[in-house]
Amino acid sequence: MTKYSLTVNGAAKSLDVVPDTPLLWALRDSLELSGTKYGCGVGQCGACMVQINGVPTRSCMTPVSSVGRQKVTTIEGLDPKASHPLQQAWQELDVPQCGYCQAGQMMSAAALLKDNPNPSDADIDAAMGGNLCRCATYLRIRAGIHRAAEIARTQKGKK
Amino acid sequence: MHFHSKNSDLSQIPKGIAALIQQQSADTNQVTEPSRRSFLKMSVASGFALGMYPAFAQNNKAAPAGLKAFQQPAAFVHIGKDGGITVTINRLEFGQGVHTALPMILAEELDADWSKVSAVHGSADPAYVDPGFGMHLTGGSGSIKNSYMQYRELGARVRAMLISAAAAQWNVSPDILRADRSTIIRADGKMLSYGELAEAAMKLAVPEKVSLKDPKNFKIIGQQVGRLDANDKSSGKQNFGIDVRLPGMLTAVIAHPPVFGAKLTSMNDSAAKQIKGVRAIVKIAVDRGGEGVAVIADGFWPAKQARDALILEWDTSGVEKVDSVALLKKYQDLAKTTGKLHFKADVSKLSGAAKKISAEYSFPYLAHAAMEPLNCTVQLSADGSQAQLWVGTQMPGVESVAAAQALGISPQQVSMHVQMAGGGFGRRAVPSCDYVIESCHVAKAARSAGIQAPIRTIWSREDDIKGGYYRPMHVHRAEIAYDEQGQVQAWDHVIVGQSIVAGTPFEGFLIKDGIDGTTIEGMRDPYPIPMRLSVHHPKVNVPVLWWRSVGSTHTAYVMETLIDEIARGAKQDPVAYRLKQFADKHPRHTAALKLAVEKSGYNKRRLPKGHAWGVAVHESFQTVVAYVVTASVQNGQAKLHTATAGVHCNLAVNPKTIEAQVQGAALMGLGMCIENAAITLKDGVVEQTNFGQYAVARMTDMPQVSVHIVPSADPPTGMGEPGLPPLAPAFANAIAKLTGKVQRSLPFKLS
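From first to last, the protein sequence lines stand for chains A and B.
Counting in my numbering, the final residue of the first sequence is number 167, and the numbers go up one at a time with none missing.
Counting in my numbering, the final residue of the second sequence is number 753, and the numbers go up one at a time with none missing.
Hints may be right or wrong, so weigh each one.
Partial list, computed: chain B residues near chain A (C-beta under 7 Å) [as the list claims (entries may be wrong)]:
#, residue
1, Gly97
2, Asn219
3, Phe220
4, Gly224
5, Trp303
6, Ile359
7, Ala361
8, Ser364
9, Met373
10, Glu374
11, Gly428
12, Arg463
13, Gln690
14, Arg700
Keep in mind the hints are simulated off the structure, nothing from the lab.
C-beta: ideal position from N, C-alpha, C; glycine also.
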């Protein structure tokens with residue numbers, strides 16, 4: 009076992025795991041942040057998506073030993089008040105069904121919006137193609153991303 | 003209006019089940035009685051006792067004798083002093099929206115302030131049985147259908163009790179009081195809130211008969227209501243079964259045999275034991291008489307690493323090692339012979355008819371692949387005589403009994419904590435209770451190994467894909483003769499496929515004359531066809547299960563592509579042909595199809611070059627869904643562009659959820675058509691391991707799906723599944739128009 013110190017959602021966290029432990033299981037089993045989900049373990053479904061230094065990253069494929077001092081953001085840290093434009097849009101449009109994949113969806117979508125505040129449907133499909141949703145909430149995810157972009161633009165205008 | 007639930011008597015429950023069979027059988031009168039008898043016999047023999055254990059009903063003390071546990075409000079409604087209303091749902095929420103729709107129904111008759119309503123899951127308490135089935139069951143698209151009257155009545159009873167409490171407090175007649183938005187209002191305008199009245203109200207006698215609203219006065223039912231779980235599911239706050247965390251809890255991962263039911267001959271666990279965090283490695287009995295090994299560790303990662311490091315040898319000599327290619331050949335041969343007869347029409351006109359179709363269809367095994375992998379957490383009491391289970395399950399009653407048997411304790415000593423589940427599509431309603439029983443075996447073996455901690459058993463995705471309980475593989479064969487006008491003269495049809503319920507407690511009432519009703523549902527009707535239908539149920543060493551919309555996953559495809567082929571052969575428009583067939587006998591089919599046609603602009607708007615229309619309509623779970631789709635073929639790939647759904651589900655409780663259910667079911671139906679949507683076996687071993695080999699539809703596959711509901715005030719019918727069956731055949735019909743070739747096997751093979 010090895011001691012690691014991670015920065016997760018802005019807070020320093022320490023844990024003691026074997027180096028090859030994926031960040032996913034470090035978050036879920038060691039740090040008790042269970043918003044990030046296990047879906048496939050092989051980078052195929054996107055349920056485990058987090059951001060590392062703002063870049064969408066599959067935590068199931070990311071060994072804890074590789075994270076170092078980079079900033080990890082999970083769904084719990086997407087917004088301090090859980091009112092990120094995506095979260096507002098997700099609630100407004102009732103995006104989730106079973107909800108299991110949605111943390112991963114939102115972490116991918118948040119990274120997309122950061123780089124591209126006004127994405128087209130094609131941009132969304134390209135950015136979200138790695139996130140599976142077995143309930144098929146895809147149409148509302150697309151609509152939710154457009155709506156979040158709108159909310160973000162309005163907020164920016166107010167500032 | 004006084005209401006007496008027709009499903010209120012548990013002794014009548016088999017009628018609820020028989021009603022399912024009724025759809026599939028022409029002679030229902032013969033079905034009901036034997037079904038009831040065999041169901042009761044099954045219940046006693048198997049110890050399931052209608053899935054009613056454990057018997058901890060939270061009955062109201064003051065309830066009249068005539069009321070069943072599921073009719074008494076105390077188990078379903080709690081109103082806090084702050085006016086917060088908590089409604090207990092008697093089904094599993096796994097995406098379909100019952101966590102919102104059931105409270106809506108209750109809140110309607112309660113005249114509740116919707117903003118104060120929240121929902122929680124029930125348990126294996128007898129109060130939470132499906133009143134239609136008489137057992138704990140989320141399935142058969144029955145949640146709203148079977149609990150619509152139940153939840154209305156519950157709400158009305160509480161409203162009546164609140165009015166009585168207010169009348170007593172004011173010392174006035176209840177007749178001058180009315181309820182509105184969680185308040186009882188007196189004629190002079192004086193008000194008491196539900197929060198103020200609840201404590202006194204819930205002590206009052208529960209009225210047996212209550213008045214229900216006229217649907218035209220509904221304020222909540224029928225509205226586009228947002229999901230009660232949307233916030234938690236958008237913030238990472240929603241816990242699922244896999245997120246259960248108990249003090250000291252350990253995680254187990256099981257090594258299942260590579261061939262279903264195989265035995266363990268040797269185990270080398272020296273490498274596995276070296277992995278840090280591993281606490282114990284134990285042999286356990288697994289499903290289908292097989293043997294397995296469970297690794298118990300501090301967390302999932304060490305448990306899975308160690309499981310994968312086990313060197314195991316297996317004895318597969320006693321079990322069949324299935325090969326999909328050989329099995330298909332065997333099914334194709336069988337399909338050329340007549341099986342057990344269901345429909346028995348005269349098919350002598352097959353020879354000499356003007357036009358003929360001879361068609362063979364094949365469908366592969368399909369995995370449910372819900373996003374949340376299977377899991378179940380078991381905590382035993384210090385002396386092992388009591389158990390608590392945390393599990394996302396569609397059948398907590400049956401599973402509490404199965405858990406008790408596995409643990410060697412009485413069912414009354416098992417508490418089920420039903421957890422929100424990340425999808426299921428049938429995989430969380432397993433009659434054999436495979437993953438729950440195995441989790442109990444793990445807990446018991448852990449206890450024997452000196453571990454006191456609660457154990458959370460988690461299946462990896464590979465375990466889920468390879469672990470069985472698939473939609474059965476099927477072959478259909480049809481010989482059809484029809485005349486120049488498209489009128490069918492004779493239709494001889496054979497289905498080959500494993501029975502889902504054979505060997506399960508459901509066998510007694512779902513198998514009739516040797517035919518599994520879930521295999522043939524969706525055949526023939528509503529078309530006035532002289533059909534002979536026979537069925538072969540081979541026994542194959544592959545566990546099978548209902549998969550969203552069950553038999554209609556294949557029967558709708560076969561029926562609706564063949565009907566289209568007949569229409570094309572008779573040079574008739576596929577919509578006009580179907581409407582003519584429905585005539586005036588199937589008004590709900592007609593209404594659904596006409597609505598889809600109207601909203602899609604079928605044949606009125608011009609499609610881009612290379613695009614074609616496709617149509618299909620199908621009834622399942624008493625709901626009719628029609629699709630009008632547009633599709634194209636580009637570079638040898640079929641692409642679905644738009645799907646317009648016409649839905650007849652009677653009264654739409656929450657149109658917002660219905661839209662989501664239909665869109666989701668549409669994509670799952672489309673998912674049956676895409677490349678690699680198949681489970682195959684070689685030497686008895688499933689060849690697919692994860693989403694890389696077993697394809698499920700992604701965002702790029704998603705067409706525009708618009709959903710239109712036929713207005714109705716009749717009691718609601720099923721909605722979780724009916725959106726699935728007609729999608730694939732509508733898509734296939736468009737492809738056939740473009741290519742001249744009917745896709746006779748799924749997934750599609752265009753080149």
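We went through each hint and held it up to the structure:
no.	hint	in the structure
1	Gly97	holds, 3 Å
2	Asn219	violated, 25 Å
3	Phe220	violated, 20 Å
4	Gly224	violated, 16 Å
5	Trp303	holds, 4 Å
6	Ile359	violated, 33 Å
7	Ala361	violated, 30 Å
8	Ser364	violated, 24 Å
9	Met373	holds, 4 Å
10	Glu374	holds, 5 Å
11	Gly428	violated, 12 Å
12	Arg463	holds, 4 Å
13	Gln690	violated, 12 Å
14	Arg700	holds, 6 Å
In summary, the structure is inconsistent with hints 2, 3, 4, 6, 7, 8, 11 and 13 from the numbered list given earlier, while agreeing with the others.
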